[in-house]
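Those protein sequence lines, which keep their order, are chains A and B.
In terms of the numbering used here, the first sequence opens at residue 8 and continues consecutively.
In terms of the numbering used here, the second sequence opens at residue 8 and continues consecutively.
Read the hints as simulated data drawn from the structure, not as lab findings.
Values in this document were obtained by computation on a predicted structure and should not be read as measured data.
Don't take each hint at face value.
As the list claims (entries may be wrong) - If you anchor each label on the Cβ, the simulated ranges turn out as follows: (1) Arg83(A) <-> Met8(B): 15 to 23 angstroms; (2) Asn112(B) <-> Arg31(A): 52 to 60 angstroms; (3) Thr141(A) <-> Glu57(B): 20 to 28 angstroms.
Stated by the list, open to error - Counterexamples of contact, computed for chain B against chain A with all Cβ distances above 12 angstroms: (4) Phe9; (5) Ser26; (6) Arg30; (7) Ala34; (8) Glu65; (9) Asp69; (10) Arg83; (11) Ala102; (12) Pro111; (13) Ser116; (14) Ala117; (15) Asp127; (16) Val146; (17) Ala160.
What the hints assert, rightly or not - Computed, partial: chain A to chain B, Cβ under 8 angstroms: (18) Val39; (19) Tyr50; (20) Ala53; (21) Thr84; (22) Met86; (23) Ala91; (24) Gly93; (25) Ala97; (26) Ala99; (27) Ala100; (28) Ala119; (29) Met161.
Just so you know, even glycine gets a beta-carbon here, dropped at the ideal spot from N, CA and C.
2 protein chains.
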Amino acid sequence: MFVLGIDPGLTRCGYGVVSRTGRRLRAEAAGVVRTSPETDLAYRLAELQEEVGALIREYRPDHVAIERVLFQVNVRTAMQTGQASGVVMAEAAAAGCVVALYSPNEVKSAVAGWGGADKDQVEQMVRSQLGITTPLRPVDAADAVAVALCHLAMLPPESGPGRSVREAVVR
Amino acid sequence: MFVLGIDPGLTRCGYGVVSRTGRRLRAEAAGVVRTSPETDLAYRLAELQEEVGALIREYRPDHVAIERVLFQVNVRTAMQTGQASGVVMAEAAAAGCVVALYSPNEVKSAVAGWGGADKDQVEQMVRSQLGITTPLRPVDAADAVAVALCHLAMLPPESGPGRSVREAVVR
Chain A
8 MFVLGIDPGL
18 TRCGYGVVSR
28 TGRRLRAEAA
38 GVVRTSPETD
48 LAYRLAELQE
58 EVGALIREYR
68 PDHVAIERVL
78 FQVNVRTAMQ
88 TGQASGVVMA
98 EAAAAGCVVA
108 LYSPNEVKSA
118 VAGWGGADKD
128 QVEQMVRSQL
138 GITTPLRPVD
148 AADAVAVALC
158 HLAMLPPESG
168 PGRSVREAVV
178 R
Chain B
8 MFVLGIDPGL
18 TRCGYGVVSR
28 TGRRLRAEAA
38 GVVRTSPETD
48 LAYRLAELQE
58 EVGALIREYR
68 PDHVAIERVL
78 FQVNVRTAMQ
88 TGQASGVVMA
98 EAAAAGCVVA
108 LYSPNEVKSA
118 VAGWGGADKD
128 QVEQMVRSQL
138 GITTPLRPVD
148 AADAVAVALC
158 HLAMLPPESG
168 PGRSVREAVV
178 R
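Chain A on its own, in the form it takes in the complex (with noise of 0.2 angstroms):
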């Protein structure tokens, strides 16, 4: 099963691609969609949308998990970020993907254990479960991964290669 994470964003959109295969987890790809503030608005969220259109395409995840947006002292960019957030989730959508939503908190404790965890100790996390040795940086491509760990968290476990597909109970 392939999860895309995202760390909605106008300016910079974190993406992290994770795969599970029985109890493995895999970072496929991480990284950063980057608009430019001085390019209008609608052409910004035009070019999100082709970016995240092409990374589905590109590794077709089953399920797509977004940070849900909260409202932070800047209005202005929390509007942008949440317009960003409805292109990505319309994106996902219209592609077949199943879409989850989670809140910077559920994130941060699925990752790190506790909500209040700062952005160095979920990246440091996310490092840890994925068996990555460099830095992920931008730290925004370490939150978006995060987000995809935290959906991964809340599916069953899949069966893997050392178990039994069928566990028959009555026969």
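Here the structure of chain A is known, so what remains is to put chain B in place on it, guided by the hints.
Only chain B this time, still in chain A's reference frame:
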């Protein structure tokens, strides 16, 4: 020239297509795109994306004018409306349309003469300007036509059938 006006929303998204030939304005279409509150958010946004794309393919507007989303008392509704507007903006820009945003006050001022006009006054002025004799309901459709009219009022007038395109001042 064709302008598609949009009053963004998730449960009801108003649309109105107005054409201008010379000085003549004509309502080509008006209505609402509805999505069900019982459907998951991502699928509602994907439905809206699909319907707006279909409107753009059908009417081939040169410009798409969208009412800017301001923060209302209900934060959740404002975020959903923002997400809907993001989807519309991305779809319009991806289709190659010029995209313009107007605040509710700008729309009311342009159409009804002052920013404090209520919805009924806006609806009556829209019908008066376009010679529509039947009520424009739901009101979201009238609002969307008003956004298109506001945009057209901001553009320089086109030369009409009765006027020469070339106006030579020095020969």
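Indices of hints not satisfied (ascending)
Violated hints: 1, 3, 10, 11, 18, 21, 28 and 29; rest satisfied.
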